[in-house]
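Those protein sequences? They're chains A and B, same order as listed. Sequence positions in the first sequence follow this note's numbering and run 1 to 199. Sequence positions in the second sequence follow this note's numbering and run 1 to 117.
Calculated directly from the structure, the hints in this document are not laboratory data.
Incomplete in silico selection of chain B near chain A, CB under 10 Å:
no.	residue
1	E78
2	Q91
3	R94
4	K98
5	K99
6	V102
7	T103
8	R105
9	K106
10	V107
Here's a subset of chain A near chain B, in silico, CB distances under 8 Å, partners left out:
no.	residue
11	L57
12	A60
13	L168
14	L171
Taking lysine to any residue pairs in the SDA-like style, the calculated list, with each CA pair at most 25 Å apart, reads:
no.	chain 1	residue 1	chain 2	residue 2
15	A	K39	A	D126
16	A	K58	B	H71
17	A	K115	B	V102
18	A	K43	A	K122
19	A	K58	A	R31
20	A	K122	B	R113
21	A	K167	B	E83
22	A	K81	B	L77
23	A	K167	B	D111
24	A	K81	A	S61
25	A	K81	B	R79
26	A	K122	B	D111
27	A	K122	A	E93
28	A	K58	B	Q91
29	A	K81	A	P162
30	A	K81	B	Q88
31	A	K62	B	Q91
32	A	K62	B	Q88
33	A	K33	A	S106
34	B	K2	B	R15
35	A	K58	B	Y72
36	A	K58	A	D69
37	A	K78	A	D166
38	A	K78	A	G161
39	A	K58	B	Q88
For clarity, every value in this text was computed on a predicted model and none was experimentally measured. Quick reminder that beta carbons are idealized off the backbone N, C-alpha and C, glycines included.
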Amino acid sequence: MKNLIKAGTLIGALLVLVMSTSQPAFGQNPRLKINNLEKLSSKAAEVVDVTLDESMLKLASKFLAAERDEAEARELIKDLKGVYVKSFEFDKEGEYSQEDVEAIRSQLTAPGWTKVVGVRSKHDGDVAEVYLMTESNTRNILGLAIIAADPETLTVVNIIGPIDVDKLSALEGKMGIPRLDLEKGKASKKPAASHDEKK
Amino acid sequence: MKDLENDLRKALERREPPAGFAERVLAQLELAPTPKPGWREALISLVRVPSLRWATAGVVACLLLTLGALHYRRVQLERAAGEAAKAQVMQALRIASKKLNVTWRKVQEADRRPPRT
Numbered sequence: 001m002k003n004l005i006k007a008g009t010l011i012g013a014l015l016v017l018v019m020s021t022s023q024p025a026f027g028q029n030p031r032l033k034i035n036n037l038e039k040l041s042s043k044a045a046e047v048v049d050v051t052l053d054e055s056m057l058k059l060a061s062k063f064l065a066a067e068r069d070e071a072e073a074r075e076l077i078k079d080l081k082g083v084y085v086k087s088f089e090f091d092k093e094g095e096y097s098q099e100d101v102e103a104i105r106s107q108l109t110a111p112g113w114t115k116v117v118g119v120r121s122k123h124d125g126d127v128a129e130v131y132l133m134t135e136s137n138t139r140n141i142l143g144l145a146i147i148a149a150d151p152e153t154l155t156v157v158n159i160i161g162p163i164d165v166d167k168l169s170a171l172e173g174k175m176g177i178p179r180l181d182l183e184k185g186k187a188s189k190k191p192a193a194s195h196d197e198k199k
Numbered sequence: 001m002k003d004l005e006n007d008l009r010k011a012l013e014r015r016e017p018p019a020g021f022a023e024r025v026l027a028q029l030e031l032a033p034t035p036k037p038g039w040r041e042a043l044i045s046l047v048r049v050p051s052l053r054w055a056t057a058g059v060v061a062c063l064l065l066t067l068g069a070l071h072y073r074r075v076q077l078e079r080a081a082g083e084a085a086k087a088q089v090m091q092a093l094r095i096a097s098k099k100l101n102v103t104w105r106k107v108q109e110a111d112r113r114p115p116r117t
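Kindly produce the complete structure, drawing on both the sequences and the hints.
And the structure:
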């Protein structure tokens, strides 16, 4: 009987060890629940809903050409486990509520998530927040979340996996979007910065 | 030595079979069950029949065409799914990149703004 208890304890300890080493982010899940936003689709004038799991990303990468922006996109999604985007454009203000945004934001208070940048303008009602989930021991990026909202638009981006934020940011201007005149280096040197604009 | 040679010659000398031996062997052969032809032999025998030769060729051609069409359809469906996934990836990355840069810009704008007194 004693041997049985000893063996059980040993197996339990081994299981804990295996789980803690093979899954350093055990308990850290970068996947956000954004389905609560689906109710906004009926109110929105324009909806972008992208749901790509790992198998779809792998399929897509087969069809991404080896040239220019598509090659960069392929490199970016190489190790990703999922890409989820919900973006709504409304004809008038007040079509989404702060509770809708808060439902997403509350998930980003979970362990592992860090707000890299956050801007809130009480005057314009603009919100722009970037969060990163990092592995606690290695600091590897496990996921990215972006909440961008103004009174007439709401966008939530959730990327699962090791994403290169600099490369993602640099894609702008290469995929048919006019490049903004930014000093990204300066901004990226300010991790965990949070700006609350109060006018 | 001579005796041995005589014995051998006697033992090996030509003898005629008993009467009716050949008829009895042939009768036994007719009675023996014929082995069933395998599927390969059956298929080949079909082709050997002139009236069935063209029909067999037609069936084989139809089979090949059906298999080819199914394969083509599967490739087309996979291509469509892949192209749709690719478009989604590009759209998602475009939005993510744009929103990231908008956020950086807003941070910079906030930094440049003179502090409130």
